[in-house]
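Undergrad: Sequence:
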Amino acid sequence: MTANGPYSCHSCGHTDLKTILSLGRTPLANALLRVDQLEETEETFPLELVFCPACTLVQITETVSPEKLFREYFYLSSFSDTMLRHAADLATKMIDEHGLGPESRVIEVASNDGYLLRHYKRAGVRVIGIEPARNIAHVAQHKHGIPTIPEFFTEQLARQLRIEDFGADVVHANNVLAHVSNLDDFVFGLGVLLKVNGVGVIEVPYVKEMIDGCEFDTIYHEHLSYFSLTALDKLFQRNALKIYDVERLPIHGGTLRIYVSYQREPENSVLQLLEEEAGWAGDRGFYTDFSEKVERLRRELVELLRKLKAAGKRIAVYGASAKGSTLLNYCGIGNETLDYVVDRSTVKQGLYTPGTHLQIHPPEKLLADMPDYVLLLTWNFAGEILEQQAEYRRRGGRFIIPIPSVKVM
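Position one of the sequence shown corresponds to residue 110 (my numbering), numbered consecutively onward.
Possibly wrong hints are sitting among the right ones.
[Said to hold, decoys possible] Taking lysine-lysine pairs in the DSSO-like style, the calculated list, with each CA pair at most 27 Å apart, reads:
1. K402 / K474
2. K402 / K351
3. K516 / K474
4. K343 / K127
5. K230 / K252
6. K202 / K127
7. K304 / K127
8. K516 / K418
9. K317 / K343
10. K402 / K127
11. K474 / K416
12. K516 / K402
13. K422 / K343
14. K402 / K317
15. K177 / K252
16. K317 / K516
17. K516 / K422
18. K416 / K516
19. K474 / K418
20. K416 / K402
21. K230 / K202
22. K304 / K351
23. K230 / K177
24. K351 / K202
25. K304 / K230
26. K177 / K202
No lab work stands behind these hints, which were simulated from the structure alone.
Since this is a predicted model, take the numbers as computed values, not measurements.
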């Protein structure tokens, strides 16, 4: 099936894109609501996943304005202990391997609240964050002391920084490349920022893990692209940068971390993964049964929740996450089945989930209220959350993990 409409690939511009999965029309995943907005009609957008046979990039067809998506944002990385450990380990690794010190400069694109750059700053390295969400850039600047430019990253901004002598020894771009509609402009801009011997470190969700693990909830309008190393290699080569190393990481349900430069040649890690991907990345057949797997999981989860509700069980939700919004809206699960949501993020508490209109409370409500079950939508942080909720579980509360398959713990 060919995607309908005048869509062209976000990476190579190819127009004959092949449909993989349709999740219908959904509200924007992070468009949390105030109580006075609950009676208003929510804006929804089609959520269609397609495959580009020319460059192998998997992507969605709808591009929502980044101004609408990112100028005010509700995800702060620092609320996750897992993310903070991940950031600290990465900063330590880069400082040690590249001998970074007071004369070095590290720039992060989509720097959020400074969760990564603060580790460099503590080590005496000069840092600059670029973060378009003005509310989060304010937190980075005024709470954590991270110099932050509250703008979207473009090649033009990169050139402006270089004119001002802000070349980077290291540029980070974690979980932002998927948000970008003009990939060539963004990647070329990363290269502009880098000094001749500089290194770019980019993390993206890995499309193979998404397909294999039935992680359909990672599909939402902020995530335009879903990458293989094959698709990344074509993109970066086109913009004069070489991927010289790659790591596969478990975080976020499966992540690729790539290292890019102007000068270094691909190491065995890159060559081996490209060879492995040759067997599936460009094969449309690899993606075609994803829709059937997603529908089976939806039916299984809905059936379990309905049985529990019919038996008089009370069910809460952990995680007012973007991925949770996709799952609940696609599955058609709302306040007829679920009682409320809890989330550690203080900026989300008191608001309501898009589409499903569940009120968001602090996690302490679980112990005070003791619902029978908690549907864990932030399953990618399951280990951290189950440990935090040990007392709730000790008292008999149980968690439902929906991805990669439905299980009760």
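Undergrad: Hint compliance check: list the failing hint numbers for this structure, sorted ascending.
TA: Hints 1, 2, 6, 7, 13, 23, 26 contradicted; others consistent.
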